[in-house]
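Trainee: Given chain A, put chain B in place with the hints provided.
Number of protein chains: 2
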Amino acid sequence: MQFQLTREFLDQLRSSLQSSSEQEVISLVGELHAADIAEIVEELEIEEAKILYSYLDAEKASEVLINIDEDIRDKHIAAFTSKQIAEIFIENLESDDAADVIAVLPQHEREEVIACLEDQEQAEDIVDLLNFQEGTAGALMGKELVEVNENWSVKQCIREMRKQAENVDHIYTIYVVDDHEKLLGRLSLKKILTATADKKIADIYETGLITCKTYTPSDEVANLMEKYDLVALPVLDELGRLVGRITIDDVVDVIREEAEKDYQMASGLSDTVDSSDSIWVNTRARLPWLVLGLIGGIFGARVIGLYEEDLKIMPQMAFFIPLIAAMGGNVGVQSSAIIVQGLANNSLGMGGIGPKLSKEFSVALFNGFVCASLILCYNLIASDSLVLSYTVSISLFAVILFAALFGTLVPLLLNKYKIDPALATGPFITTVNDILGLFIYFIVGRMLYLA
Amino acid sequence: MQFQLTREFLDQLRSSLQSSSEQEVISLVGELHAADIAEIVEELEIEEAKILYSYLDAEKASEVLINIDEDIRDKHIAAFTSKQIAEIFIENLESDDAADVIAVLPQHEREEVIACLEDQEQAEDIVDLLNFQEGTAGALMGKELVEVNENWSVKQCIREMRKQAENVDHIYTIYVVDDHEKLLGRLSLKKILTATADKKIADIYETGLITCKTYTPSDEVANLMEKYDLVALPVLDELGRLVGRITIDDVVDVIREEAEKDYQMASGLSDTVDSSDSIWVNTRARLPWLVLGLIGGIFGARVIGLYEEDLKIMPQMAFFIPLIAAMGGNVGVQSSAIIVQGLANNSLGMGGIGPKLSKEFSVALFNGFVCASLILCYNLIASDSLVLSYTVSISLFAVILFAALFGTLVPLLLNKYKIDPALATGPFITTVNDILGLFIYFIVGRMLYLA
Chain A
7 MQFQLTREFL
17 DQLRSSLQSS
27 SEQEVISLVG
37 ELHAADIAEI
47 VEELEIEEAK
57 ILYSYLDAEK
67 ASEVLINIDE
77 DIRDKHIAAF
87 TSKQIAEIFI
97 ENLESDDAAD
107 VIAVLPQHER
117 EEVIACLEDQ
127 EQAEDIVDLL
137 NFQEGTAGAL
147 MGKELVEVNE
157 NWSVKQCIRE
167 MRKQAENVDH
177 IYTIYVVDDH
187 EKLLGRLSLK
197 KILTATADKK
207 IADIYETGLI
217 TCKTYTPSDE
227 VANLMEKYDL
237 VALPVLDELG
247 RLVGRITIDD
257 VVDVIREEAE
267 KDYQMASGLS
277 DTVDSSDSIW
287 VNTRARLPWL
297 VLGLIGGIFG
307 ARVIGLYEED
317 LKIMPQMAFF
327 IPLIAAMGGN
337 VGVQSSAIIV
347 QGLANNSLGM
357 GGIGPKLSKE
367 FSVALFNGFV
377 CASLILCYNL
387 IASDSLVLSY
397 TVSISLFAVI
407 LFAALFGTLV
417 PLLLNKYKID
427 PALATGPFIT
437 TVNDILGLFI
447 YFIVGRMLYL
457 A
Chain B
7 MQFQLTREFL
17 DQLRSSLQSS
27 SEQEVISLVG
37 ELHAADIAEI
47 VEELEIEEAK
57 ILYSYLDAEK
67 ASEVLINIDE
77 DIRDKHIAAF
87 TSKQIAEIFI
97 ENLESDDAAD
107 VIAVLPQHER
117 EEVIACLEDQ
127 EQAEDIVDLL
137 NFQEGTAGAL
147 MGKELVEVNE
157 NWSVKQCIRE
167 MRKQAENVDH
177 IYTIYVVDDH
187 EKLLGRLSLK
197 KILTATADKK
207 IADIYETGLI
217 TCKTYTPSDE
227 VANLMEKYDL
237 VALPVLDELG
247 RLVGRITIDD
257 VVDVIREEAE
267 KDYQMASGLS
277 DTVDSSDSIW
287 VNTRARLPWL
297 VLGLIGGIFG
307 ARVIGLYEED
317 LKIMPQMAFF
327 IPLIAAMGGN
337 VGVQSSAIIV
347 QGLANNSLGM
357 GGIGPKLSKE
367 FSVALFNGFV
377 CASLILCYNL
387 IASDSLVLSY
397 TVSISLFAVI
407 LFAALFGTLV
417 PLLLNKYKID
427 PALATGPFIT
437 TVNDILGLFI
447 YFIVGRMLYL
457 A
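Residue numbers (this note's numbering), protein chains in the order written: chain A, 7 to 457; chain B, 7 to 457.
Rather than coming from a laboratory, the hints here were simulated on the basis of the structure. Check the hints yourself; a few may be wrong.
Which copy is meant is left open, so a pair is good if it fits within one copy or across any two.
What the hints assert, rightly or not - List time: in silico DSSO-like cross-link candidates among lysine-lysine, alpha-carbon distance up to 27 Å:
1) Lys-81 - Lys-233
2) Lys-365 - Lys-81
3) Lys-66 - Lys-196
4) Lys-66 - Lys-233
5) Lys-206 - Lys-161
6) Lys-66 - Lys-197
7) Lys-169 - Lys-206
8) Lys-424 - Lys-66
9) Lys-219 - Lys-424
10) Lys-424 - Lys-362
11) Lys-197 - Lys-161
12) Lys-66 - Lys-89
13) Lys-196 - Lys-169
14) Lys-267 - Lys-362
15) Lys-424 - Lys-318
16) Lys-196 - Lys-161
17) Lys-206 - Lys-196
18) Lys-81 - Lys-56
19) Lys-196 - Lys-233
20) Lys-56 - Lys-233
21) Lys-197 - Lys-169
22) Lys-233 - Lys-422
23) Lys-424 - Lys-365
24) Lys-81 - Lys-362
25) Lys-196 - Lys-424
26) Lys-89 - Lys-197
27) Lys-81 - Lys-267
Bear in mind the structure is a predicted one, so any value in this text is a computation, not a measurement.
For reference, chain A alone in the conformation it holds in the complex (with noise of 0.2 Å):
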């Protein structure tokens, strides 16, 4: 039941598309979902996909275009007019998709495609939507909603609903309103179906409705759906009036970017950047880690610098400086994740860093003796100085609590200070934990040596 592109499928669509025969690309993707046809259309050159639009009706081709990868939709808006633009996708978008479409375009385009659109009130509702600022519910919300006025009976409401129906696909909440279109509450379903036709609203709406303001960031819009489990949340102006409604559907992917940015700042990338993006992209998003990496093992280099002459005496320390290092970049990444992680979901709980810090302090003491005793294990069967097995195990559990501390206190004080803690993960925390470590590793290893 599920599409599944294929090669075979791709080829054949690609031929009938340069051949222009209509009729065999309808029967190809005629059927198929706009999510499905998007995915497609992804794959094909502009040219190709600016055929395939022609092809479909245009309720269908403006589905696919909001369906596809933004990076790529930015393209093939570009390869159209500004009339084409309004008529064939715009006019037939909800508002929040359609303002998400025309704010890609430069100044004087956009409004020249607003001024070729027919219906006014969508005109007025993109212009207002395009003023929000990115990352904030405004910028999410979308106009489309059915909301009826407090002082209206069942009956009125109802035929009002039909009328309002016409301009909404789904229909998530019925919104009640004052005169003044404050939000009073909602109407469910559930009432309008079992309530008598002269029934006042007044008298049955429910109150009590999670809101948010135009101004709210997005990642806290995120945060309420998903902690009040909502489907959608309505949203705000100062005056408390109703202006528009975030769907979880665009909620799903603030979710979803949020939790990649935190994942790809671990592994060291900056910007968004997946695997289809041109090299370029993919170059400028690795280069700074990779620098500050470097700039990092330069500063190792000196350190070990400093001890050159310990070496020569002792050469078999540089054996374990690799142990050293990895090790005390594992257990800070370890302390920091888990701290990133609880400040984006939430989850840190009541009090302040002390709590914390002595739990991440505890589970560093038992996992650096354990990792200690076994490397001493390890190094008094395999090697023949005693003074190095020492010096492993002690400076080894030195850099494990120390690397726990760290990885814990700097995404917590980034976080108060309003920086991304996700920057301490990944290459950042590691990077000094290198240094770091190999400071401890050399300290230890002199004074064992002289004593």
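Mentor: Same frame as chain A, now just chain B:
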């Protein structure tokens, strides 16, 4: 408007709970949303929580229970008798939530709780749901839905919906089935509002629904709902009969968990662990990766040991051991993260391993060249050994190329053999690349030194 838990509030509530003043407690939490009360309950001792549950009406109490963290929830459930669990919690929960709660009980208690349920239909639904394997659509779905027969008229349909709506909190979609319960399509609210009362359902329903089977894995369910922007997904049995529906709020949790799992793997944490888990759970989740790092470190020590004589002649080679090891790890993690993420969100697109490898290779060529040049500049200024300068740069370049190819190949291979590719990121790839890097470094060093 949104509730914010404070230390003062918590202290006040606890003292009210301890002095058993029901009125005070209700005045504090009575107006709050269940999700907010859940946040509070997570901070209480079990005995305090039990008192709080008893003051809330059963519907609110059950909503609170379903909103608290799973680990804490399990402990709370264990504090009640089977009869209490049935009457306070299960009877007021939707079937999927009820099954989740019961699933954590031992077999004999499960049967006790189910025997205490008054609603026979609910008991049957729960027994049904308990049979599905965790991680499948069957285990995610709920039984509450509104379904109408294709042979009914709109009038009949509304009458039936009224009846069914009693048991359903939210009406997401109205499903249309035939006489054998086979799912045919959906009926939009819009159509019901606009069709005449004697119109037959068969003439107005929409076909082409996206569906899944009871045995569909939950990550596939999440991908389907995300791709097709669904709020509810109907679940069919082997005969195509409608047996349940999955709502988006359950899938948001799946998406969040999947993303967190990848993040944790990349950070060297096994299992699902968060900051509120005990020290022991936290230790167990981390120690395996640390021991892996330890073993990697021992291998690294052995590799360097092979070149002990070279180190005696050129002790400065030790300086750049951390740099080579760290860079190999960083590059490997970057490459594997790109692949793991692409696999997770289905954005890798068409084509086999070839194009991906060649792209990663190009990115690595460029990054390798930049990094090798930078460190060469540094060394030409800071180091007095030309051989060392060349050794570091040449081996760094080789390490970056190697690590990128390795980081790309390993997750793709793991995925091919149905092993979670996220295993490849983090400590595993770092450790392997550490060892590989050291080999390359010392081989290059010896070659240049002998030349």
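Trainee: Have a look at Lys-81 and Lys-233 and pick one of within, between, both or neither, based on CA distance no larger than 27 Å.
Mentor: between (37 Å within a copy, 21 Å between copies)
Trainee: For Lys-197 and Lys-169, with the copy left unspecified, which applies at a CA distance of at most 27 Å: within, between, both, or neither?
Mentor: both (20 Å within a copy, 12 Å between copies)
Trainee: For the identical chains here, do Lys-66 and Lys-89 meet the 27 Å Cα criterion within one copy, between copies, both, or neither?
Mentor: Result: close within a single copy only, 18 Å intra versus 54 Å inter.
Trainee: When no copy is named, should Lys-66 and Lys-197 be tagged within, between, both, or neither for a Cα gap of at most 27 Å?
Mentor: between (35 Å within a copy, 20 Å between copies)
Trainee: Could you place Lys-424 and Lys-318 in one of the four classes (within, between, both, neither) given a Cα distance threshold of 27 Å?
Mentor: Classified as neither; 47 Å inside a copy, 49 Å across copies.
Trainee: My question is about Lys-196 and Lys-161: at a cut-off of 27 Å on alpha-carbon distance, are they close within one copy, between copies, both, or neither?
Mentor: both (15 Å within a copy, 16 Å between copies)
Trainee: Are the CA atoms of Lys-56 and Lys-233 at most 27 Å apart within a copy, between copies, both, or neither?
Mentor: between (42 Å within a copy, 22 Å between copies)
Trainee: Within a copy, between copies, both or neither: which one fits Lys-66 and Lys-196 at a CA-CA cutoff of 27 Å?
Mentor: between (33 Å within a copy, 20 Å between copies)
Trainee: For the identical chains here, do Lys-89 and Lys-197 meet the 27 Å Cα criterion within one copy, between copies, both, or neither?
Mentor: neither (45 Å within a copy, 32 Å between copies)
Trainee: Please sort Lys-196 with Lys-169 into within, between, both or neither, judging by C-alpha distance up to 27 Å.
Mentor: Both: 20 Å inside a copy, 10 Å across copies.
Trainee: What label fits Lys-267 with Lys-362 when the C-alpha limit is 27 Å: within, between, both, or neither?
Mentor: both (24 Å within a copy, 22 Å between copies)
Trainee: Regarding Lys-81 and Lys-56, is the shortest C-alpha distance of 27 Å or less found within a copy, between copies, in both, or in neither?
Mentor: within (11 Å within a copy, 59 Å between copies)
The structure fails to meet hints 8, 15, 25, 26 from the earlier list, while all remaining hints are met.
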